[in-house]
Amino acid sequence: MPSSVRLQEMIRVIRSARTQGEERGIIQRECADIRAQFRQGDNGERSHSLAKLLYVHMLGYPAHFGQMECVRLIASTRYSEKRIGYLGAMMLLDENQDASLLITNSIKNDLSHNSQYVQSLALCTLACMGSAEMCRDLAPEIERLLRASNSYIKKKATLCAVHIIRKVPELAELFTPSARSLLSEKNHGVLHGAVVLITELCEHNPGTLDQFRKAVPELVQIMKGLVTSSYSPEHNVAGISDPFLQVRILRLLRILGHNNDTASDAMNDLLAQVATNTDSSKTAGSAVLYETVLTIMDINSESGLRVLAVNILGRFLLNNDRNIRYISMTSLQKIVQTDHNAVQRHRGTIVDCLKDQDTSVKRRALELSLALVSAVNIRSMMKELLIFLSTCPPELRSHTTSGIFNAAERYSPSKRWHIDTILHVLTTAGGDVRDETVPNLIQLITTASELHCYTVHKLYRALVKDISQQSLVQVACWCIGEYGDLLLKGECEEIEPVQVTEDDVLDALETVLQSHMSSPATRGFALTATMKLSTRITDNVDRIRSIVSIYGSCIDLELQQRAVEYNALFKKYDHMRAAVLERMPVMDKNSPGHTNGDTSGEIKEPDPSKPKPVEAGLLSEPASQVCDLLDLLDGTDTPLQPSPAPTSNPTTTSSADLLDLLGGLEPTPVLTETVYEKNGLSLKIQCDKQTETEVTVTLIGSNSAQNDITNFTLQAAVPKSVQLQMKAPSGNVIPAHGLGQVTQTVVLNNPNKVSLKMRIRVSFSNQGAVHQDTVQIDSFPTQASQTSVSPL
Amino acid sequence: MRFLLLFSRQGKLRLQKWFTALSDRDKKKIIRDVMQMVLVRPPKSCNFLQWRDLKIVYRRYASLYFCCGLEQGDNELITLELLHRYVELLDQYFGNVCELDIIFNFEKAYFILDEFIIGGEVQETSKASVAKSMEEADSLQETMEEYLNKPTY
Numbered sequence: 001m002p003s004s005v006r007l008q009e010m011i012r013v014i015r016s017a018r019t020q021g022e023e024r025g026i027i028q029r030e031c032a033d034i035r036a037q038f039r040q041g042d043n044g045e046r047s048h049s050l051a052k053l054l055y056v057h058m059l060g061y062p063a064h065f066g067q068m069e070c071v072r073l074i075a076s077t078r079y080s081e082k083r084i085g086y087l088g089a090m091m092l093l094d095e096n097q098d099a100s101l102l103i104t105n106s107i108k109n110d111l112s113h114n115s116q117y118v119q120s121l122a123l124c125t126l127a128c129m130g131s132a133e134m135c136r137d138l139a140p141e142i143e144r145l146l147r148a149s150n151s152y153i154k155k156k157a158t159l160c161a162v163h164i165i166r167k168v169p170e171l172a173e174l175f176t177p178s179a180r181s182l183l184s185e186k187n188h189g190v191l192h193g194a195v196v197l198i199t200e201l202c203e204h205n206p207g208t209l210d211q212f213r214k215a216v217p218e219l220v221q222i223m224k225g226l227v228t229s230s231y232s233p234e235h236n237v238a239g240i241s242d243p244f245l246q247v248r249i250l251r252l253l254r255i256l257g258h259n260n261d262t263a264s265d266a267m268n269d270l271l272a273q274v275a276t277n278t279d280s281s282k283t284a285g286s287a288v289l290y291e292t293v294l295t296i297m298d299i300n301s302e303s304g305l306r307v308l309a310v311n312i313l314g315r316f317l318l319n320n321d322r323n324i325r326y327i328s329m330t331s332l333q334k335i336v337q338t339d340h341n342a343v344q345r346h347r348g349t350i351v352d353c354l355k356d357q358d359t360s361v362k363r364r365a366l367e368l369s370l371a372l373v374s375a376v377n378i379r380s381m382m383k384e385l386l387i388f389l390s391t392c393p394p395e396l397r398s399h400t401t402s403g404i405f406n407a408a409e410r411y412s413p414s415k416r417w418h419i420d421t422i423l424h425v426l427t428t429a430g431g432d433v434r435d436e437t438v439p440n441l442i443q444l445i446t447t448a449s450e451l452h453c454y455t456v457h458k459l460y461r462a463l464v465k466d467i468s469q470q471s472l473v474q475v476a477c478w479c480i481g482e483y484g485d486l487l488l489k490g491e492c493e494e495i496e497p498v499q500v501t502e503d504d505v506l507d508a509l510e511t512v513l514q515s516h517m518s519s520p521a522t523r524g525f526a527l528t529a530t531m532k533l534s535t536r537i538t539d540n541v542d543r544i545r546s547i548v549s550i551y552g553s554c555i556d557l558e559l560q561q562r563a564v565e566y567n568a569l570f571k572k573y574d575h576m577r578a579a580v581l582e583r584m585p586v587m588d589k590n591s592p593g594h595t596n597g598d599t600s601g602e603i604k605e606p607d608p609s610k611p612k613p614v615e616a617g618l619l620s621e622p623a624s625q626v627c628d629l630l631d632l633l634d635g636t637d638t639p640l641q642p643s644p645a646p647t648s649n650p651t652t653t654s655s656a657d658l659l660d661l662l663g664g665l666e667p668t669p670v671l672t673e674t675v676y677e678k679n680g681l682s683l684k685i686q687c688d689k690q691t692e693t694e695v696t697v698t699l700i701g702s703n704s705a706q707n708d709i710t711n712f713t714l715q716a717a718v719p720k721s722v723q724l725q726m727k728a729p730s731g732n733v734i735p736a737h738g739l740g741q742v743t744q745t746v747v748l749n750n751p752n753k754v755s756l757k758m759r760i761r762v763s764f765s766n767q768g769a770v771h772q773d774t775v776q777i778d779s780f781p782t783q784a785s786q787t788s789v790s791p792l
Numbered sequence: 001m002r003f004l005l006l007f008s009r010q011g012k013l014r015l016q017k018w019f020t021a022l023s024d025r026d027k028k029k030i031i032r033d034v035m036q037m038v039l040v041r042p043p044k045s046c047n048f049l050q051w052r053d054l055k056i057v058y059r060r061y062a063s064l065y066f067c068c069g070l071e072q073g074d075n076e077l078i079t080l081e082l083l084h085r086y087v088e089l090l091d092q093y094f095g096n097v098c099e100l101d102i103i104f105n106f107e108k109a110y111f112i113l114d115e116f117i118i119g120g121e122v123q124e125t126s127k128a129s130v131a132k133s134m135e136e137a138d139s140l141q142e143t144m145e146e147y148l149n150k151p152t153y
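Taken in sequence, the protein lines are chains A and B.
The first sequence runs contiguously to residue 792 in full-length UniProt numbering.
The second sequence runs contiguously to residue 153 in full-length UniProt numbering.
FYI, nobody ran anything at the bench for these hints, they're computed from the structure.
Below, simulated EDC-like cross-link-like pairs (lysine to aspartate or glutamate); rule was C-alpha separation at most 20 Å, straight line:
| hint | chain 1 | residue 1 | chain 2 | residue 2 |
| --- | --- | --- | --- | --- |
| 1 | A | Lys282 | B | Asp74 |
| 2 | B | Lys28 | A | Glu95 |
| 3 | A | Lys167 | A | Glu143 |
| 4 | A | Lys334 | B | Asp74 |
| 5 | A | Lys383 | A | Asp356 |
| 6 | B | Lys17 | B | Glu99 |
| 7 | B | Lys28 | A | Asp94 |
| 8 | A | Lys282 | B | Glu88 |
| 9 | A | Lys678 | A | Asp708 |
| 10 | A | Lys458 | A | Asp420 |
| 11 | B | Lys108 | A | Glu9 |
| 12 | B | Lys27 | A | Asp94 |
| 13 | B | Lys12 | B | Asp33 |
| 14 | B | Lys108 | A | Glu45 |
| 15 | B | Lys12 | A | Glu23 |
| 16 | B | Lys27 | A | Asp98 |
| 17 | A | Lys684 | A | Asp773 |
| 18 | A | Lys678 | A | Asp773 |
| 19 | A | Lys334 | B | Asp53 |
| 20 | B | Lys44 | A | Asp352 |
| 21 | B | Lys127 | A | Glu185 |
| 22 | B | Lys17 | A | Glu95 |
| 23 | A | Lys167 | B | Glu71 |
| 24 | B | Lys108 | B | Asp138 |
| 25 | B | Lys12 | A | Glu22 |
| 26 | B | Lys29 | A | Asp94 |
| 27 | A | Lys458 | A | Asp485 |
| 28 | B | Lys27 | A | Glu95 |
| 29 | A | Lys465 | A | Glu502 |
| 30 | B | Lys132 | A | Glu234 |
| 31 | B | Lys127 | A | Glu234 |
| 32 | B | Lys17 | A | Asp94 |
| 33 | A | Lys334 | B | Glu71 |
| 34 | B | Lys132 | B | Asp91 |
| 35 | B | Lys44 | A | Asp321 |
| 36 | B | Lys44 | A | Asp356 |
| 37 | A | Lys224 | A | Glu234 |
Take these sequences, add in the hints, and give me the full structure.
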């Protein structure tokens, strides 16, 4: 039998291994020895072997074969073996291991052992790794120890009870009676444990919380004793008497005083006393003050006390110690909503913290600064934030950009400032902005019609300087395409005029197209912009034609498709080119992704992940279907105008809007009219929402015939000034015998308040035959009127 | 407190104490992530970090990093004091403790920790009491060992 190497010898040998392989070899040999030892049975060497195994485990090697040995050692009568056995249990046996249940009996016995140190081993282990079943088994024992034992055991039993409650919340009632009486103990360890226990009980059960509110005076007494007591060497830390206990009591007081006036009143004096008398030159004192401030802010304290608390935080902000500054900003973040003005007073210092070297401090300062932005300070704050953006660490950049955008959106003093700010962000950190930024910015630009000239000039200059920031390039291309004529005119009041020739502009766009830095989406923007310029410039149309035809054989499928379609526009549909490429109407913000007036499945769905420019959607629709819509409305004069362009806002905004839509529904009786009934198919129109300029209706198709209706689609046309949005239908199959319905919501925007009419073409398949029919709705169901329907 | 870790500047783990039940894989992952985060911090930085839903509090003592994972309601500053108290206890026990002491006597470091903290909470706020309990427990061990005439670990 090889003699066992002492633990320290083994550690030395392992550490002397020069390579990972050598170490593994040594470990393997040792583990083999250990396994042999375990098999031998009791010979006084087992505890050495387990200790060695635990070291090996800490290095990261598997050690599960030691689990049973732990169980055996715990059951031993020798203290040293129990000690190492319990340590092994805490390290190797967690509640997910089956072997853990086997030690329950040993623990139970040891809880009533003569020696308090054995009891303590059992308590500690139970509190560390006790599973729910073990806790249920042993809870009565723990409760007994809570009541009747010496303070050494009591303090451990109390914390063990805390663990039990966390694992098995129903057992909380078992410990509630004894918890209160523990507060009268003198021993600080027991007191600390008691406070933790009561905190845990209160957090679990509001009923218990009410009960323990009666203990507030007692807790206040204990605190007062600690704060005013003379120097006691046993518990003193840097001049504070037992800061651990003080912090815990303050935390409990916070829970008890929250939302309760009587309890809060009872603690006011104490909190004021602690806040003013605690010496915060060392961490211990600051810790107590910190907890005090948190408590003051969370209970119903009087205003004088709140002011005191915010002042303490302000003082912390100026502290040299970074930790204290960090802490104060975390706390200010919590109260910035409720005590906004108080925190605003410290805005200067907070903004200074943006320049701190430390990332944690910077992060906190950023969050707090963003929360402090208001209409009053927006200009100065934005200046600081933009400076911060240029030097901030990469992990904070995207958070900063989205914060800046939100702030700009809410408080921008003028459109021009808003656009300038976004442009500044895009040039500094274009790579870290969210995807929605590009469409949002485009939408913003279209609404600021008086600034089109200024915007396109600025964007052009930015583009010429640098084409690496994709979002900036995309917006610039879009604007140049849209407002190229303004750019070429050259004059603009807001910035110095620079003569831009058509060649310059086309050069810039071509650079973007050819650069390897441009992403495919960006190149798509550039190509479309080039195409749009063909109607806005006069001399270089041929150059555009040649660019477009070159890309007709591009490898990138997206670009190739666009180029081919644009080519077709030049060749076959040149008469339509001007109209197709004319200025975009102002986009409706926050409209959820939807298709054009046509709802048949072949039309592309708006793809939220790629911010494609809007015109692509328009052009991908074959021209014939556009003509069909015209057919529908031969009574009224509809030019080839896109119905409200689908914006490709990602689904986040659409889901928010969907929620809004649901929120906006009034619980009034919905009015439904049947507008079409033939061959079992009936179409009803239901008025969901009606304002002065907007009507939302739902079209409901149902089928009472014997056979299912498939490929059910609806197309709709409306008078010229009315804008139509059709949402996606719920499906296109209507089961027979009235077993199901298809619904489709339609939103009609009627800003000119003309009389609403709608023509609907219904098409479907039934038993293999395709049917089509048209319905004209001359008026919509409203509160006061009835529909008049004339089938055609 | 969710966990307490001690590791060297080279990323070697010297002590790990977990106060919630986690699988071995999760533990290893947490250790890797936290070590990575803490070891890159420059010397004079703030001792607090935000990681997932936990607050990480760490402090460097000589060549060892002492690191805790706290829940949202815990007080970071008092945890710094807690770490300091643990170091003081180790120092008192070993006499001018250094990393080697903790490596070669890791089980004693655990025993001391278990006298100071149970289930993630402080059990004894008096330094002297903890030291006394360790002494008495050790003497119990010694007596047994003496009786059985076997060497200590």
